[in-house]
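Can you join these two chains into the complex? Each is in its own frame, and there are hints to help.
These protein sequence lines are chains A and B, in that order.
Quick note on numbering: the first sequence equals residues 1 to 630 in UniProt numbering.
Quick note on numbering: the second sequence equals residues 1 to 202 in UniProt numbering.
Think of the hints as simulated: they come from the structure by calculation, not from any bench.
One or more hints might be untrue.
[Unchecked claim] Covered by chain B, according to a simulated footprint, are these stretches of chain A (three or more residues, beta-carbon under 8 Å): (1) 127-133; (2) 340-346.
[What the hints assert, rightly or not] With a cut-off of at most 35 Å between alpha-carbon atoms, the simulated DSBU-like pairs for lysine-lysine come out as follows: (3) K356(A) / K368(A); (4) K121(A) / K51(A); (5) K165(B) / K121(A); (6) K51(A) / K105(B); (7) K125(B) / K105(B); (8) K98(B) / K134(A); (9) K439(A) / K98(B); (10) K121(A) / K125(B); (11) K229(A) / K285(A); (12) K356(A) / K332(A); (13) K46(B) / K332(A); (14) K60(A) / K154(B).
Only a predicted model underlies this, so the values are computations on that prediction, with no experimental measurement involved.
Where a beta carbon is used, it is the ideal one built from N, C-alpha and C, also for glycine.
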Amino acid sequence: MSDDLDYNLFWQQLQHQHGALYDVAQTNCYVICVPCTAVWAGLPLTVAVPKPIIESHILKPSPYFHGTFHSSARGKEHIEISIEDGHVVVQSPAGLDGKAALTAANVKFTAAQSVEPFKAKIMSEELFYNAQYKQFRVLVLQDTLSPVEVAAFRQQNGLGSSASSADKSKRMSRVHEFINSGGARDPLIVRKTPAAHAEFLEAFPENASAIASATNAIQAFNRGYVLVKGYLEHASRKVEMLCEQFYADLLDGNQLFSSSRDDSKVQDAIRLAAESFILDGIHTKLFSALCAIDEEADLQLHHRLAALGPLLRPDHLGIKPQFMCDLPDALKELSRLDTLRTPTEKLWCLKDTTQKIANGVAEHFAAKGRSASEAVVTADELIPLLARAIAFSAPMHWQANVEYIQHFQFTGASVPDLNFAMVSCLAAHSFLQSPPLLKMTAGLKATSPEMPRLSRGASVTAVRDVSELWSNSEPAGSGSPASGRRADLAGSSARGPGRSLSSLSRANSTHPAVALPEDALSDLLGSSSISSSSSSSSNYSSSSNSGSSSYRTYASPNAGVAALQRRSTLPTIRPPDVISTPPIARPSPSLSMRRPATNVLQSSPGDGGPDLGDFLSDTSVSSSYSSLGR
Amino acid sequence: MGDSLTFKIVLLGEGCVGKTSLVLRYCENRFVDKHISTLQASFLTKRLNIGGKRVNLNIWDTAGQERFHALGPIYYRDSNGAILVYDITDEDSFQKVKNWVKELKKMLGNDIALVIAGNKSDLEKHRTVSAEAAEQYAASVGARHFYTSAKLSKGIEELFLDLSKRMITEADKRGGTSTVGRKTAIVVDDDVAPKAQSGGCC
Numbered sequence: 001m002s003d004d005l006d007y008n009l010f011w012q013q014l015q016h017q018h019g020a021l022y023d024v025a026q027t028n029c030y031v032i033c034v035p036c037t038a039v040w041a042g043l044p045l046t047v048a049v050p051k052p053i054i055e056s057h058i059l060k061p062s063p064y065f066h067g068t069f070h071s072s073a074r075g076k077e078h079i080e081i082s083i084e085d086g087h088v089v090v091q092s093p094a095g096l097d098g099k100a101a102l103t104a105a106n107v108k109f110t111a112a113q114s115v116e117p118f119k120a121k122i123m124s125e126e127l128f129y130n131a132q133y134k135q136f137r138v139l140v141l142q143d144t145l146s147p148v149e150v151a152a153f154r155q156q157n158g159l160g161s162s163a164s165s166a167d168k169s170k171r172m173s174r175v176h177e178f179i180n181s182g183g184a185r186d187p188l189i190v191r192k193t194p195a196a197h198a199e200f201l202e203a204f205p206e207n208a209s210a211i212a213s214a215t216n217a218i219q220a221f222n223r224g225y226v227l228v229k230g231y232l233e234h235a236s237r238k239v240e241m242l243c244e245q246f247y248a249d250l251l252d253g254n255q256l257f258s259s260s261r262d263d264s265k266v267q268d269a270i271r272l273a274a275e276s277f278i279l280d281g282i283h284t285k286l287f288s289a290l291c292a293i294d295e296e297a298d299l300q301l302h303h304r305l306a307a308l309g310p311l312l313r314p315d316h317l318g319i320k321p322q323f324m325c326d327l328p329d330a331l332k333e334l335s336r337l338d339t340l341r342t343p344t345e346k347l348w349c350l351k352d353t354t355q356k357i358a359n360g361v362a363e364h365f366a367a368k369g370r371s372a373s374e375a376v377v378t379a380d381e382l383i384p385l386l387a388r389a390i391a392f393s394a395p396m397h398w399q400a401n402v403e404y405i406q407h408f409q410f411t412g413a414s415v416p417d418l419n420f421a422m423v424s425c426l427a428a429h430s431f432l433q434s435p436p437l438l439k440m441t442a443g444l445k446a447t448s449p450e451m452p453r454l455s456r457g458a459s460v461t462a463v464r465d466v467s468e469l470w471s472n473s474e475p476a477g478s479g480s481p482a483s484g485r486r487a488d489l490a491g492s493s494a495r496g497p498g499r500s501l502s503s504l505s506r507a508n509s510t511h512p513a514v515a516l517p518e519d520a521l522s523d524l525l526g527s528s529s530i531s532s533s534s535s536s537s538s539n540y541s542s543s544s545n546s547g548s549s550s551y552r553t554y555a556s557p558n559a560g561v562a563a564l565q566r567r568s569t570l571p572t573i574r575p576p577d578v579i580s581t582p583p584i585a586r587p588s589p590s591l592s593m594r595r596p597a598t599n600v601l602q603s604s605p606g607d608g609g610p611d612l613g614d615f616l617s618d619t620s621v622s623s624s625y626s627s628l629g630r
Numbered sequence: 001m002g003d004s005l006t007f008k009i010v011l012l013g014e015g016c017v018g019k020t021s022l023v024l025r026y027c028e029n030r031f032v033d034k035h036i037s038t039l040q041a042s043f044l045t046k047r048l049n050i051g052g053k054r055v056n057l058n059i060w061d062t063a064g065q066e067r068f069h070a071l072g073p074i075y076y077r078d079s080n081g082a083i084l085v086y087d088i089t090d091e092d093s094f095q096k097v098k099n100w101v102k103e104l105k106k107m108l109g110n111d112i113a114l115v116i117a118g119n120k121s122d123l124e125k126h127r128t129v130s131a132e133a134a135e136q137y138a139a140s141v142g143a144r145h146f147y148t149s150a151k152l153s154k155g156i157e158e159l160f161l162d163l164s165k166r167m168i169t170e171a172d173k174r175g176g177t178s179t180v181g182r183k184t185a186i187v188v189d190d191d192v193a194p195k196a197q198s199g200g201c202c
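Chain B with its partners taken away, still in its complex shape (with noise of 0.2 Å):
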């Protein structure tokens, strides 16, 4: 019912850059009663509504350890858009973010839109991340750079509506579908009767 567009967002990062923290921030509902801590910070929604259009983001939190490095693919599989999240004060976290733009161009191509968190923005003269060279590295893999900071909720609605853009830019080239990447097996079988009209969203 009406202009509305559901997209997939990856959450990518190595462990305690705080990309969790940042999600929260920006899903936190401080008119429900219910308590964060009940419910899963895995997997959370939020709306939106840019220019008229009503924007379902589906954020998916991944696991930070190297352990679990592999099953990235799992998570990032049809995603419409990565927040790709390295600490200011880290800079191993920041390879981490490398590494996992060159394994998502790789995996996706250009499919995915991205953008680069440096969070912890706050702890700005513990920095080691030089913010010339963050910047730099963004532009030349064609993502978006944002400062945030989860604890001071700086930065985060800015980095959240770019992207959401940048997706309502990329599904409206493709016809208006929030679906990327779908591998649909298109059978030919005489004996199906006509389908009723389907309904459903995506």
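Next comes chain A alone, as it looks inside the complex (with noise of 0.2 Å):
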């Protein structure tokens, strides 16, 4: 659909004024032609449509000649109507208001228009029922059959006879081409960058003080409010209470926002405008202390990652040959995750991927010269598709991405499509971990011929490395069976526990191919034995069992982490840490696996910042897994 109807003047004035009509149409199953939403720019929907004008557009079946209709406007019930082609046409060449009507507005027309008939594209059509579960049509179209009719009534409404009102509707309109722009129907999905959300807050002027008063306060977060290991939600509730409050200062200081709060188009708008400011402003704090507190496992993880993808073939990921394709687009987009600002931008950038990754399929059909309707991206094709970009791209947040879009995004994380998107990509994520996968990818050789190498990512040295640091990591005396074969792997048994991930950082050299044990790699990867405590797992495992099918439990994303730190020698973090805020950038060939540096940072006096009493308080902490879709 490409054309909101909720916000379309025609049909709110149809509906809420002209009811009767409607009654009678929709009673009759007659069809209704709705002129799409740009003919009426500019209008606000509580202006009133003359009657004409909307019976124009009411086609009522002819008595006489099945698939020709006639309009219900008195006058016009001569003028014979069909629906061809993706067209209406009105066998007129002025459309439903004749050709006096079009002389009288000083309309010529040329010797070829007089004798073609009018027609008008049908943009979409939605699927209506009647009280009685009849079926009847509504049809959206690119223009209106009466022409002159509107063209007189916009000239008469709302464009300009008094110098506010003309002003107000300049202004009204800035509003309206800034939600437009996008080219979306849902304002909440408008894609806009930061920089435009601020640029469309200063576009007026009365909105500086509610301006100024978001910045003291991003400020105020920024000089002293304290993020807390395990209070993510209090870290949301205090960014929404922001955001809450610049919206609402927006409000009261610009009386266009606040005559517009019926519009929840505009208000919604607007929100997303005040959530953008404010996440912009506070980005570098918030993600910074969540990369702090994700920093294990996001590095464990993407290391996994990286030494995953190139071992990876398609049959281990279920992809069907046809499917299989370099997507280069999909893996450029995902890779910008880390660089983007806020959690709508993250959400959609995600969205993208998924896109993108349609999208880089329906090329390769066409490539191959099959059809283009065998390219139809399915759920099937979409998880391993996806599985792949990731271990591809081995993201260095994931974790805290994840758990920045989830605690810090409000305003868009009920958009459908978005919160798909988001799903998707945690169910690839998960899939990436889950033991049949994990046993498939077991003992391969790294060099497969059906499985481009991309240039991202670690070599099989790095698997070796990590394989080392698994085995070297057992705690002594632990004594898993699987641990002396651990150790001989690659010739790592010289090497002490107390091996910092350090080695992971000659992570780009090459190496020929390598097989590995079974075992090996599935403890590389994440032990399917491990039962998860992270907040992660519970939404992503399925531990039923009914009938004959064979329900697993997948590992959570975190649960070759988790073993990890309850393996390693390092000490245990005790909460409540509270988390500094180191720079956002990759692993140096330094990098070790240092546990945060600070356990308390101060808050500053006034600042709004948590304070203890709120952290032992709070305890309405959820699964990092559950927020989706708040």
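Listed below in structure tokens is the structure:
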């Protein structure tokens, strides 16, 4: 659907001001033609549309000829109308207004035009059922069937009798221009950068006070707020309050904004802009802290994925041969994730990644000369292709990004397709950790001819190094049967347990094909036997086993990491840990698996940050994956 | 704006039973020039208007391969409705539907409206799942059963209309909200300033 009836003046007027006409139309299953929203651009939804215009667009079937219709408007019943080839065709060159009306409006026809019927393109059709569940048609048209009447109506309304209304209309049109320039139906998914949102808000001088207050709040947050591990919900509420306060201030200070309280599209756009402004302002502080919280988990995950990527073959992931193709655009998009500043932008990045996978597949099919209808990316294709993209891109801050999106995204979280993209990425990520996949990928060679190596990601050297780490991080005397085999792997037995992750930085070197024992690689990628206490496990696992179906329990994305932490000789992190905000960067060669350096950061007085009482009383921390679709 | 409801529908069934074709057929817009190949078929939307109510259907396709079965809960969480699709020429696919029903009942209880679709009804002469058994089973689990053919575009609109009507009824029982199963943490915080009027959808 390319036009939203909820924001269409004609439709709203038909529903609310001309209800009797609508009732007759639906009871009799007439065809209702709705000129698209663009036809009414600049006119508020409350302007009364004249009844003749409404009637002109309600088409009754001809009692004489099948497939022919007549307008309900008085005086226009004689004009034949048909629906042909994606158009509503009026057998009159001037539409339903008649040639006389056009002449009166100084519209002149050429000889060719005067014999051509008037056509309005059908943009879309919605399914409608009346109270008796009988279908009737509602067609959204690119144009009106009464061009002269609508032009006169536009001139009479909203577009300028007095200077003040002209100014208001112009300023309001700036709001609508901002909303609609994304080309999206839903204002929540308008693609805007934080800079564009800020520019929009700053375009209204009366927003200055609200912006100044928001800027102060951002500075106070950055100066003194303390993000405590395990208390993300508190931070989430705090940031949401900042956004809500900014939004409220904007409405208080801007009459134009407050006068459109009933227009949810405008209000959502303002709310989104406010959220974007705040999140952009606190991004460095907040995201750095999240990265610090998840540093160990993310680092392990990155190296595990970097090692796994080159080893994967299409059959491991269940990618059908015809869908196997390079997806450079999707990989490039996914690699942007860390660089984006607001959760909404990141959510869009995930959505774009899934879309670019679909586009890449379509291009691949086209290049092979195959029918485009075969290139439909269903969930059976999307999950493995997405899993492959995630493995190859080996994101540095996956967990931090997931938490950032889930806890600090307030306006767009309920947008269904963004939510679906997020869930698909989590599903693909979970699939990469699934025991069946780990089993399949065990013992394979890295130089698969079927799976093109991408420049990014680690080599087999890294696999060996990580496996060494796993074997060496086994606490002395734990004595699992696998530990001996792991210790033997690639001659690593001579290395001591205190070895840091610094060896992983050699991941960029290449190595000839190396076969790994099954259990070694499984352990490397995350043991399936681990019962993770990670917050992420709850929504990923399905342990039920009903009937003949073999439901399996997947290790959570952090299961391997949790196990590593348990096995590690590093000190245990004791809550509440207060996280410093180191700069976000890829690991340097000297990166070690140190825990975050600080346990407590001081909160500046009066900065609005939480106090310890808040932390201790806050027990509402939810699963990191349960906040989807909040 | 207006009386609008949004429902999440999850599409479940074994691979190759035609569930994607079924939903593509339902959601296709013949007036849009953009070809479906450039769109993902795993998430589709459809707008309906039933008895004056605006209904937005968000249809989540799921992977049918057994290897992805364990990912099901991620997808069907918070669903208002489920369409369980089997192939009338494939007895195994019907058994898979039964397994999905058990799982959904176990995980979501009766919060979810179920519809069972016997797809590929154009292949009647190759039928292996008896009509009587399928309809009896559907009735026994409180689901409606429909025969559909994505190929011939038969039975699909009826299926979605019935499911939508049942989801509307459920939403009305809940006081007009389409939200199910959301876990909401109630936080008492004296310092929290009064929030501005919330907007947005759902």
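Status of the hints after comparison with the structure:
no., hint, result
1, 127-133, "holds (count 6)"
2, 340-346, "violated (count 0)"
3, K356(A) / K368(A), "holds, 18 Å"
4, K121(A) / K51(A), "holds, 23 Å"
5, K165(B) / K121(A), "holds, 32 Å"
6, K51(A) / K105(B), "violated, 51 Å"
7, K125(B) / K105(B), "holds, 33 Å"
8, K98(B) / K134(A), "holds, 32 Å"
9, K439(A) / K98(B), "holds, 28 Å"
10, K121(A) / K125(B), "violated, 43 Å"
11, K229(A) / K285(A), "holds, 14 Å"
12, K356(A) / K332(A), "holds, 10 Å"
13, K46(B) / K332(A), "holds, 31 Å"
14, K60(A) / K154(B), "holds, 27 Å"
When held up to the earlier numbered hints, the structure conflicts with 2, 6 and 10 and fits the remainder.
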